[in-house]
Amino acid sequence: MIYARADIVSNVWKLVAREGDQVGPGDVLAVMESMKMEIPLVAPVGGHVSKVLVELGQIVQEGDPIMEIDETASA
Amino acid sequence: MSNPAHPAVVEAPAPTDQRETLTQRRTSRFARVEPKGKRVYTARERAEMLVDEGSFVEMTPMRSAGSGSGSGVVAGWGTTDGHSVVVVSHDAAVASGAIGAVMAESIQKAQRFAIDKGYPIVYVNDSGGARIHDGIFALHGCGGIFALNIEAQSRVPQISLILGPCAGAAAYSPALTDWTIMVKEQGQMFLTGPDIVKAATGEDASAEDIGGSALHTKVSGVAHLEVDSEEEAFDATRLLLSFLPTHKGGAQKRHDAVPANPHAAAALPTLVPEKSSIVFDMNKLLDGVLDNGARLELMPEHAPSILTLFARLDGHAVGVLANQPNARGGILDSKASVKAARFVEFCGRFDLPVLTFVDVPGFLPGTVEEGRGVITHGAKLLKAYVDTKSPKLTVVVRKSYGGAYIAMGSASLGAHANWAWSNSEIAVMGPGGAVALLHRRALKEAEDPTALRDELAAVYREEVARPYLAAEAGIVDDVIHPEETRPRMVAALRMLTHESGR
Numbered sequence: 019m020i021y022a023r024a025d026i027v028s029n030v031w032k033l034v035a036r037e038g039d040q041v042g043p044g045d046v047l048a049v050m051e052s053m054k055m056e057i058p059l060v061a062p063v064g065g066h067v068s069k070v071l072v073e074l075g076q077i078v079q080e081g082d083p084i085m086e087i088d089e090t091a092s093a
Numbered sequence: 002m003s004n005p006a007h008p009a010v011v012e013a014p015a016p017t018d019q020r021e022t023l024t025q026r027r028t029s030r031f032a033r034v035e036p037k038g039k040r041v042y043t044a045r046e047r048a049e050m051l052v053d054e055g056s057f058v059e060m061t062p063m064r065s066a067g068s069g070s071g072s073g074v075v076a077g078w079g080t081t082d083g084h085s086v087v088v089v090s091h092d093a094a095v096a097s098g099a100i101g102a103v104m105a106e107s108i109q110k111a112q113r114f115a116i117d118k119g120y121p122i123v124y125v126n127d128s129g130g131a132r133i134h135d136g137i138f139a140l141h142g143c144g145g146i147f148a149l150n151i152e153a154q155s156r157v158p159q160i161s162l163i164l165g166p167c168a169g170a171a172a173y174s175p176a177l178t179d180w181t182i183m184v185k186e187q188g189q190m191f192l193t194g195p196d197i198v199k200a201a202t203g204e205d206a207s208a209e210d211i212g213g214s215a216l217h218t219k220v221s222g223v224a225h226l227e228v229d230s231e232e233e234a235f236d237a238t239r240l241l242l243s244f245l246p247t248h249k250g251g252a253q254k255r256h257d258a259v260p261a262n263p264h265a266a267a268a269l270p271t272l273v274p275e276k277s278s279i280v281f282d283m284n285k286l287l288d289g290v291l292d293n294g295a296r297l298e299l300m301p302e303h304a305p306s307i308l309t310l311f312a313r314l315d316g317h318a319v320g321v322l323a324n325q326p327n328a329r330g331g332i333l334d335s336k337a338s339v340k341a342a343r344f345v346e347f348c349g350r351f352d353l354p355v356l357t358f359v360d361v362p363g364f365l366p367g368t369v370e371e372g373r374g375v376i377t378h379g380a381k382l383l384k385a386y387v388d389t390k391s392p393k394l395t396v397v398v399r400k401s402y403g404g405a406y407i408a409m410g411s412a413s414l415g416a417h418a419n420w421a422w423s424n425s426e427i428a429v430m431g432p433g434g435a436v437a438l439l440h441r442r443a444l445k446e447a448e449d450p451t452a453l454r455d456e457l458a459a460v461y462r463e464e465v466a467r468p469y470l471a472a473e474a475g476i477v478d479d480v481i482h483p484e485e486t487r488p489r490m491v492a493a494l495r496m497l498t499h500e501s502g503r
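Residue numbers (the numbering used here), protein chains in the order written: chain W, 19 to 93; chain Z, 2 to 503.
Derived from the structure by calculation, the hints contain no laboratory data.
No residue lacks a Cβ here, since even glycine has one placed at the ideal position from N, Cα and C.
Some hints here could point you the wrong way.
[Stated by the list, open to error] Below, in silico cross-link-like pairs of lysine-lysine (DSS-like), each with a Cα-Cα straight-line distance of 25 Å or less:
{"no.": "1", "chain 1": "W", "residue 1": "Lys54", "chain 2": "Z", "residue 2": "Lys285"}
{"no.": "2", "chain 1": "Z", "residue 1": "Lys199", "chain 2": "W", "residue 2": "Lys32"}
{"no.": "3", "chain 1": "W", "residue 1": "Lys54", "chain 2": "Z", "residue 2": "Lys445"}
{"no.": "4", "chain 1": "Z", "residue 1": "Lys285", "chain 2": "Z", "residue 2": "Lys219"}
{"no.": "5", "chain 1": "Z", "residue 1": "Lys445", "chain 2": "Z", "residue 2": "Lys390"}
{"no.": "6", "chain 1": "Z", "residue 1": "Lys37", "chain 2": "Z", "residue 2": "Lys276"}
{"no.": "7", "chain 1": "Z", "residue 1": "Lys254", "chain 2": "Z", "residue 2": "Lys390"}
{"no.": "8", "chain 1": "Z", "residue 1": "Lys254", "chain 2": "Z", "residue 2": "Lys276"}
{"no.": "9", "chain 1": "Z", "residue 1": "Lys276", "chain 2": "W", "residue 2": "Lys54"}
{"no.": "10", "chain 1": "Z", "residue 1": "Lys39", "chain 2": "Z", "residue 2": "Lys219"}
[Stated by the list, open to error] Beta-carbon label-pair distances, calculated as ranges:
{"no.": "11", "chain 1": "W", "residue 1": "Leu74", "chain 2": "Z", "residue 2": "Val387", "range": "43 to 51 Å"}
{"no.": "12", "chain 1": "W", "residue 1": "Asp88", "chain 2": "Z", "residue 2": "Gly475", "range": "53 to 61 Å"}
{"no.": "13", "chain 1": "W", "residue 1": "Val34", "chain 2": "Z", "residue 2": "Asp479", "range": "35 to 43 Å"}
{"no.": "14", "chain 1": "W", "residue 1": "Pro62", "chain 2": "Z", "residue 2": "Thr61", "range": "45 to 53 Å"}
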């Protein structure tokens, strides 16, 4: 399992991808808010989003997993 | 009959025999030793490939560390694009390139020559570290190499290539040089390899885990460029040298001026999103200002919220530092500060002009960054700018707040010329934060605090943060349109380089 992890200490501002979504590498999964910047969180690999691990507004630290991606399910 | 044990005593060989002897010795010394592992070329081939064709001259080709073997290093000089350069190429075919007393002496001889004559040094590293058989003599020799690495820092550029597993001393010498280039899945740098790591701490890790190019160019920042092959490493080295003078105080490299990329230049006025929270790619902005020609970005994957690259403006080689909003919002943190400070310090040491493009939300605060020592690391960036006496030109393209405003090549740190785009904001903090502090009581008592905050933030942005206050105070030279950036920078650079006599 591959995790999309927060680049920076931030709060979860928008969840773009949902559980079950098929995503490609580089697709925006969520938008994090930190330092008054809207920082896109992108998929490190393609696959399907098997789990969303955070809620809107949740504060996360750099490196925290945000979404779990099942790479084997990639089309 | 001649006695083979004492041929010289019995009869002096005829001149033709001497020629044969020399030819024979050269043949045996220069014999191709098939490279091992992922290596493709021998030490001598590497040195020859790095420099202009046919220009390599080995300094002491007969030097030997023992019966029949070479010194363990091919050291000499040649030219790249016609400019002299000294090359030190470890010979992994002799005791895995391990550094013994004789090898260390040969390296030091090349270093001393480069320092005294003012030529850049390229170290082609492929060595297991100190040669254990030589004991303290090997350690003393390695220490001598380090001391000359350090002496060279204030005199000539030094570039290290990592083309094999480099342990101990062979990893430390590169750390004392300016720029380190690693070949992917071939070069490694570590204090000590997997076996000794396992014995010392129990940790089970591969050579790539401990010292591969992915670790060092992304995470640790020990190396500055990752390439796919030895050929690419040599190309990158020649490109890097094309931006640098051969020595401190030497002539800066001048090329013909090339206009900026016309499409990027045309897009400049509309490139930066008006809303300061939206990210964009700073590279596109640089394309619209810098000469449309060769560039070399260093540390592209380490601390990517700041860009450090060599480029040209009006034909001058320049160092460019720019916040990259596309990565982590363009913040400054511990790693970005170290990366930026190292780059500015290098430019200052070799008199390269520094162009700074600013769009920075601030230094990243909080437990993680404070724990990493962001204060100490941020201070290094301030020091690097102040110590740098080469031309420093700074432009704020969107926002610049607080300590990060000061750190990004501000007037107070000695910028020779600085401008702000008309849409930019310069303030102690962003409008949101400032309003929350300044109007705490009013906001607490307001019926609709969000609406009041937005209203006050808009007023703050226009009346306090816009760059006109800074320009009126003489802290920013002028407020400019985006398309005026290149002509302003070109004019300033011409004036400043003329003034300093170059």
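Quiz item: Can you give the numbers of the hints that this structure goes against, from lowest to highest?
Solution: 2, 5, 6, 8
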